[in-house]
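So the sequences go chain by chain: A and B. Using this note's numbering, you'd call the opening residue of the first sequence number 1 and step up by one each time. Using this note's numbering, you'd call the opening residue of the second sequence number 1 and step up by one each time.
Hints in this document: simulated from the structure, not taken from any laboratory. There could be a bad hint or two in this list.
As the list makes no split between identical chains, a pair holds if one copy fits it or if it spans any two.
[Claimed, not checked] Here are the computed lysine-lysine pairs in the BS3-like style, where the Cα-Cα straight-line distance is at most 30 Å:
id, residue 1, residue 2
1, Lys-318, Lys-60
2, Lys-241, Lys-160
3, Lys-88, Lys-353
4, Lys-195, Lys-338
5, Lys-160, Lys-88
6, Lys-87, Lys-361
7, Lys-88, Lys-123
8, Lys-350, Lys-87
9, Lys-338, Lys-27
10, Lys-8, Lys-241
11, Lys-8, Lys-372
12, Lys-60, Lys-136
13, Lys-353, Lys-383
14, Lys-350, Lys-8
15, Lys-359, Lys-383
16, Lys-318, Lys-372
17, Lys-129, Lys-361
18, Lys-195, Lys-235
19, Lys-325, Lys-267
20, Lys-202, Lys-318
21, Lys-87, Lys-325
22, Lys-88, Lys-318
23, Lys-136, Lys-235
24, Lys-325, Lys-67
25, Lys-372, Lys-338
There are 2 protein chains.
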Amino acid sequence: MFTILPIKGFIDQIDGFYCDGIHAGLKPNGNNDLGFIYTKEACNVQAIFTENRFQAAPLKHFQNYEKNFQTNFVLINSKNANALTGKKGIQDIDTLFSSLDFDLINPIMSSTGVIGNPLPLEKLINGAKSFDLNAKNGEELSKAIMTTDAYPKTCMYEVKLEDGSSFKIGAVAKGAGMINPNLATMLCFICTDAKVSSQDMKEALEVNSDSTFNAISVDGDTSTNDTVMLLANGKSNAYDKDAFFEALRLVMHDMAMLMVADGEGAKKVAAFEVINALSDEDAQIAAKALSNSLLVKTALFGEDPNFGRIASTIGASKIASDEEKLVISYNDVIVYNKGELCFTPEVEEKAGKVLQNDKYKITCDIGLGEGKFTAYGCDLGYKYVEINADYRT
Amino acid sequence: MFTILPIKGFIDQIDGFYCDGIHAGLKPNGNNDLGFIYTKEACNVQAIFTENRFQAAPLKHFQNYEKNFQTNFVLINSKNANALTGKKGIQDIDTLFSSLDFDLINPIMSSTGVIGNPLPLEKLINGAKSFDLNAKNGEELSKAIMTTDAYPKTCMYEVKLEDGSSFKIGAVAKGAGMINPNLATMLCFICTDAKVSSQDMKEALEVNSDSTFNAISVDGDTSTNDTVMLLANGKSNAYDKDAFFEALRLVMHDMAMLMVADGEGAKKVAAFEVINALSDEDAQIAAKALSNSLLVKTALFGEDPNFGRIASTIGASKIASDEEKLVISYNDVIVYNKGELCFTPEVEEKAGKVLQNDKYKITCDIGLGEGKFTAYGCDLGYKYVEINADYRT
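Work out the full structure: start from the sequences and follow the hints.
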């Protein structure tokens, strides 16, 4: 048995992890735009990257290291994605690291921001040179990696094992606006002092992706920079596979939900639960189609129980379905029942009230099998347009 | 040789076609909501319908007739889609037609509006009973089929053949807001007095779909009611296959472009031209991904030459591509050139000026083959959210 307890604070709570964020002059408003994660001893590191065909330079730089390499330094900047920058983009990262006097082991870079511009090397080098590697300022780091995020994203857990030992695991992330289909970049750095092997780290990341980050972003249809990175320094000497997998799942779920809730002006989070589909795959296709539909998202914004848009989106997703078996409900209010008209004014009023909440569940019972999947989405309103109409400036 | 001339007016210009639109009490604002197309002699009719799994009742009703049937009456209503209404939805159509005293041959219904509500039969019957089948009021019909359209959509051509004979072809349509991924319904009724066979009608519709309606809507990812219907009464006794196919292509292209331009608040129309892709299929996937990207659409709204979003969307579409071969331009302004940074302040200013136009072309040269496809899209601004947040009321 094990216990997982949420604790306060940032990743600097974890033994052996140091971090900070500063303003290096990339953001015009003086906000933090450069940060780092540093560990005294080298860490195991594993990452999941975007399936976009144009992976950004820092992702290629990472993958040039040997398999299962160790690192002691991650440098993260916002405002410039270093994507679509060709060979120069990778050379710039090497130039940057070779300009620093720190004792770096396989240093990693991670970037987010505007695509297609060269890195402002001088600002980055001057900024990084000013780092205090003994800093424990997780909050400043969390601000440094933000772009269109309305707030910093973090979570922390302590895991107590049966033998009395314990480890910590936590994350800092950025990402807003429903990653897919908007292609907004998601960066998530998960740190732990668990004594976990590279092999288990890799497996745990993969196992937990489907129900967390992939439930908010369709596989592969992602930005040039999307990264989920897991760093483990082993300092706690504690480990239990089940406990670690479960704790990592919690961390990844928390961060995914924070991203959905921060949907570039979003006020509502909807769980799109598709059940009794012919297969889990069908359920996933339909659930993601719902969470990505512009018409569904604007109806949520308008608090309009327009179940026809839900049904039409399921039909358009082309999964196996039959309108005489489909049941749609908003929380426990059934609005469509197998083609028998049940959308009375009373039902409409009840359903409308559900949509006035900040969080609710929209369930589509396909009635054909046992497949299920839940995707998470948010509403889309005026603020989304405002944020994205002129993001670069 | 043949000549195709655009002419003024609505489909009532075509010999033997009668039409009108009235207010039957479905729209609360008193606007037209019910219309008809009638021909004295029965017409050949062919149609292309949505690939949505939940086809609306009128589509099923049509498909219950024998293959290559003839008709003399199409009844069209807006405000209620008669979709997701089960067997009752089809029965209602039969009830409606059997309540009318007109001499109807295989009457057809077509509906658009809110999904999941039963047809208001009494209003429809009373409205239809008041029709004057000798009316020639194409403009009133064009208004009756509108939902979120900002303006009625029509076009007319006269086709003069080498032997001195001639026929007319024209259309009335509704549809706005970039059909996919928004699932807004598109209805298009094309009428002609050409002496064309059912077989040629079917073939011509299919041949011309890809470069017209399918360039603004991804195959299959469509609403429950999407319909393109072609009616031919043969009264001109004139026909030439090449001339007819080309005239039909023009009509379908015109109507598709009118729908894109009326993009629920859209002010800009962009042609997304993908060239030199590995295959035509690849080009089509990428071009449609661009025309459907929320981030691209909001950048167009903001007149922001954010080519990174263009590139990232191509990468996310997973077609064969290489950032060192890709070239992106806005009209003739190259903003990304094979990874060599060319986005100088001067180029940025020029590109920004292109985006201030109402219409422009964004070209992506993939540099890998000879595949090409052009998709058409529009910008997405505040008005889109306003229109769709509470469409039902």
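Hints, one by one, checked against the model:
no.	hint	verdict
1	Lys-318 - Lys-60	between (36 Å within a copy, 17 Å between copies)
2	Lys-241 - Lys-160	within (13 Å within a copy, 79 Å between copies)
3	Lys-88 - Lys-353	between (54 Å within a copy, 29 Å between copies)
4	Lys-195 - Lys-338	neither (53 Å within a copy, 44 Å between copies)
5	Lys-160 - Lys-88	neither (46 Å within a copy, 60 Å between copies)
6	Lys-87 - Lys-361	between (46 Å within a copy, 29 Å between copies)
7	Lys-88 - Lys-123	within (17 Å within a copy, 69 Å between copies)
8	Lys-350 - Lys-87	between (58 Å within a copy, 26 Å between copies)
9	Lys-338 - Lys-27	between (53 Å within a copy, 27 Å between copies)
10	Lys-8 - Lys-241	within (24 Å within a copy, 75 Å between copies)
11	Lys-8 - Lys-372	neither (34 Å within a copy, 55 Å between copies)
12	Lys-60 - Lys-136	within (29 Å within a copy, 66 Å between copies)
13	Lys-353 - Lys-383	both (23 Å within a copy, 25 Å between copies)
14	Lys-350 - Lys-8	neither (38 Å within a copy, 50 Å between copies)
15	Lys-359 - Lys-383	both (19 Å within a copy, 26 Å between copies)
16	Lys-318 - Lys-372	both (16 Å within a copy, 27 Å between copies)
17	Lys-129 - Lys-361	neither (48 Å within a copy, 45 Å between copies)
18	Lys-195 - Lys-235	within (7 Å within a copy, 84 Å between copies)
19	Lys-325 - Lys-267	neither (32 Å within a copy, 41 Å between copies)
20	Lys-202 - Lys-318	between (34 Å within a copy, 24 Å between copies)
21	Lys-87 - Lys-325	between (55 Å within a copy, 13 Å between copies)
22	Lys-88 - Lys-318	between (44 Å within a copy, 24 Å between copies)
23	Lys-136 - Lys-235	within (17 Å within a copy, 85 Å between copies)
24	Lys-325 - Lys-67	between (49 Å within a copy, 29 Å between copies)
25	Lys-372 - Lys-338	within (19 Å within a copy, 43 Å between copies)
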